[in-house]
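Novice: From first to last, the protein sequence lines stand for chains A and B. So the first sequence is residues 1 to 157, counted in this note's numbering. So the second sequence is residues 1001 to 1265, counted in this note's numbering.
Mixed in with the good hints there might be a few duds.
To be verified - Using 27 Å as the maximum straight-line C-alpha spacing, the simulated DSSO-like pairs for lysine-lysine come out as follows:
{"no.": "1", "chain 1": "B", "residue 1": "LYS1026", "chain 2": "B", "residue 2": "LYS1039"}
{"no.": "2", "chain 1": "A", "residue 1": "LYS117", "chain 2": "B", "residue 2": "LYS1086"}
{"no.": "3", "chain 1": "B", "residue 1": "LYS1147", "chain 2": "A", "residue 2": "LYS56"}
{"no.": "4", "chain 1": "B", "residue 1": "LYS1086", "chain 2": "A", "residue 2": "LYS56"}
{"no.": "5", "chain 1": "B", "residue 1": "LYS1039", "chain 2": "A", "residue 2": "LYS56"}
{"no.": "6", "chain 1": "B", "residue 1": "LYS1139", "chain 2": "A", "residue 2": "LYS117"}
{"no.": "7", "chain 1": "B", "residue 1": "LYS1058", "chain 2": "A", "residue 2": "LYS56"}
{"no.": "8", "chain 1": "B", "residue 1": "LYS1139", "chain 2": "A", "residue 2": "LYS56"}
{"no.": "9", "chain 1": "A", "residue 1": "LYS56", "chain 2": "B", "residue 2": "LYS1061"}
{"no.": "10", "chain 1": "B", "residue 1": "LYS1026", "chain 2": "A", "residue 2": "LYS117"}
{"no.": "11", "chain 1": "A", "residue 1": "LYS94", "chain 2": "A", "residue 2": "LYS81"}
{"no.": "12", "chain 1": "B", "residue 1": "LYS1139", "chain 2": "B", "residue 2": "LYS1085"}
{"no.": "13", "chain 1": "B", "residue 1": "LYS1147", "chain 2": "A", "residue 2": "LYS117"}
{"no.": "14", "chain 1": "B", "residue 1": "LYS1085", "chain 2": "A", "residue 2": "LYS56"}
{"no.": "15", "chain 1": "B", "residue 1": "LYS1147", "chain 2": "B", "residue 2": "LYS1177"}
Bear in mind the hints are in silico, worked out from the structure with no lab data behind them.
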Amino acid sequence: MAVRVSMTVNGKAVSAEVEPRTLLVTFIREHLGLTGTHVGCDTAQCGACTIHMNGKAIKACSMVAMQAQDANVVTIEGVAKPDGTLHPMQAAFKEHHGLQCGFCTPGMVMNAIDFAKSHPNPSEQEVREALEGNLCRCTGYHNIVKAITAGAKAMAG
Amino acid sequence: MHAFNYHRPSSVNDAAALAAKQAEGKLLAGGQSLVQAMKLRLASPSDLIDLGAIGDLKGIKVDGGSVSIGAMTRHAEVAGSAEVKKAIPALAYLASQIGDRQVRNMGTLGGSLANADPAADYPAAVLGLGATVVTNKRKIAADDFFKGLYETALQPGEIITQVSFPAPKRAAYVKFKNPASRFAIVGVFVADTGKGVRVAVTGAGPSVFRVADMEKALGAKFAPDAVAGIKVKADGLNTDLHASAEYRAHLVTVMAKRAVEAALK
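Next comes chain A alone, as it looks inside the complex:
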C-alpha cells in the first residue's frame, strides 16, 4: 500500500506517493532526480549518501523516506547559492583539492558543513574523528582534512 511522503528538499516542498520501503536516498535520487547524493556501500558505512535532515548530517541509505516526513532536507545540490557561488566548504574542497575521484565528496561536504557549525576552528584530530562515518576509497584523506579545517574557518567567517 502506497503512502504519501511530504518534505521540504532544498527549500522546495515535495510530495509523492511511494512504497513504504522506499529509502530516503532512493526517493531523493530516483523520485526527485537529485543524483548528487550517492549510494556507495548501501550499508551505512561509507557516508556517500550523507544529507542534512533538519540541519543534522544523516545517512539517507539508512532510513526510509517516511522517516523524513515533514522534515527539512538539504542535499549537496542545495548548498551553493542560486547564482552558483560555492558554499565556503565546497570552495575549500576545491581550493585544497579535497577529492580525487569525487565519489565520496558530496557526503564528505555535507558531513563537514554540519560538523563545522559546532566546530568553527577544529583541530586535525577533531576533523579526523568527525570523518569516522565517511570513507574515501582513493584514500585522499589528507587533503580532505585540510579542506574541512579551512572550510570550517571560512564558514565561521
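Given the coordinates of chain A, work out where chain B should sit on it, guided by the hints.
Specialist: Same frame as chain A, now just chain B:
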C-alpha cells in the same frame, strides 16, 4: 527489503494499540540497526510503527540526583547535552562514542536498548549505573531488563518511554572498539554509586553482564590495581573474526582497569 505497512502514530497509546494488533510488526525508532537489518532481509516485519512523530518520547530532564532521557532522544543530543555532561559525564562520553556522527544524529537510546545488540554501548551504561527502564506499562530495573542475545524483558506491544539514570559519585566508560564499526569488542562501564560499585561489560558476551568479583574488590578499594588481577572466564564469551573468547576475557580486565583510572581523573 520486503514490503511492509507503515504507521506513524502521534501518541504512545496509539503506537501501543497498533503494536498489539500486529504480531509481526516492529517498532521503528532511529532505524540505524533495523533499517539495515531489513535491507539484508534479516528482519521482515509486516508493519513498521514509526515512533518518530511522538514528541513525548524526546528530551532530557535532570532532576536532583537523576537524569531522565526520553526513548527517542538521539545519541548526539545526549553526547552534546550540557546537563548530562555535568550530571553524568561518563554517560555523555559513552553516547559520543557510538557509531559515527551521522549514526549518532539518528540513533536513539530506546532503539539501542530494545535491540539489545551484544556489542552496543548503551546497555553498559544502563546496567552499570543501575538505571530504570520506563515503559508504557511498567518500570524495569536494569538488572531485570537484559535477558540475552538481542533479548530483553520487553513484552509484545511494550514501548520504552524513557530511561532514568541515577547520578553516581564517579563513573567512566572505556571501550576497545572495532576500528571499522566502532562497536565495542569489549566495553566496560564502572560506576561508584555511593552505595556500592557496579561493573558492567558489553561486547564480550551474548548480553551485557556484571562482574561481581570486580565490584566487590572496587567496593573495598576504588583503584585500578584492585581489578588488575581479577580475570573473567572465557567460557560463554563471544568468538568472532575480530576477537576470540579468550582475548575478550583478557580485555575485560584491561578495560575495567582503564575505566577505574578514568573514573578517578
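Novice: Verify the proposed pairing of LYS1147/B with LYS56/A, using a straight-line Cα cut of 27 Å.
Specialist: 34 Å, violated
Novice: CA of LYS1085/B to CA of LYS56/A, is that 27 Å or under?
Specialist: Distance of about 21 Å is within 27 Å: holds.
Novice: When you check the alpha-carbon spacing of LYS1139/B and LYS56/A, does it fall within 27 Å?
Specialist: The hint is violated at about 32 Å.
Novice: When you check the alpha-carbon spacing of LYS56/A and LYS1061/B, does it fall within 27 Å?
Specialist: 22 Å, holds
Novice: Can the restraint linking LYS1026/B and LYS117/A be considered satisfied, given a maximum Cα separation of 27 Å?
Specialist: 35 Å, violated
Novice: Between LYS94/A and LYS81/A, is the straight-line Cα distance small enough, at 27 Å or below?
Specialist: Holds, at about 16 Å.
Novice: Given the hint that LYS1058/B pairs with LYS56/A, test it: the Cα-Cα distance must not exceed 27 Å.
Specialist: OK: LYS1058/B and LYS56/A at ~16 Å, within 27 Å.
Novice: Under the criterion that the straight-line Cα-Cα distance not exceed 27 Å, is the pair LYS1147/B, LYS117/A satisfied?
Specialist: Violated: LYS1147/B and LYS117/A sit about 41 Å apart, past 27 Å.
Novice: Please verify whether LYS1086/B and LYS56/A have alpha carbons no more than 27 Å apart.
Specialist: Holds. LYS1086/B to LYS56/A sits at ~24 Å (cutoff 27 Å).
Novice: Does LYS56/A lie within 27 Å of LYS1039/B when you go C-alpha to C-alpha?
Specialist: 23 Å, holds
Novice: Between LYS117/A and LYS1086/B, does the CA-CA distance stay at or below 27 Å?
Specialist: 23 Å, holds
Novice: Could you grab the alpha-carbon distance between LYS1026/B and LYS1039/B and see if it respects the 27 Å cut-off?
Specialist: 15 Å, holds
The structure does not agree with the numbered hints 3, 6, 8, 10 and 13 stated previously, though it agrees with the rest.
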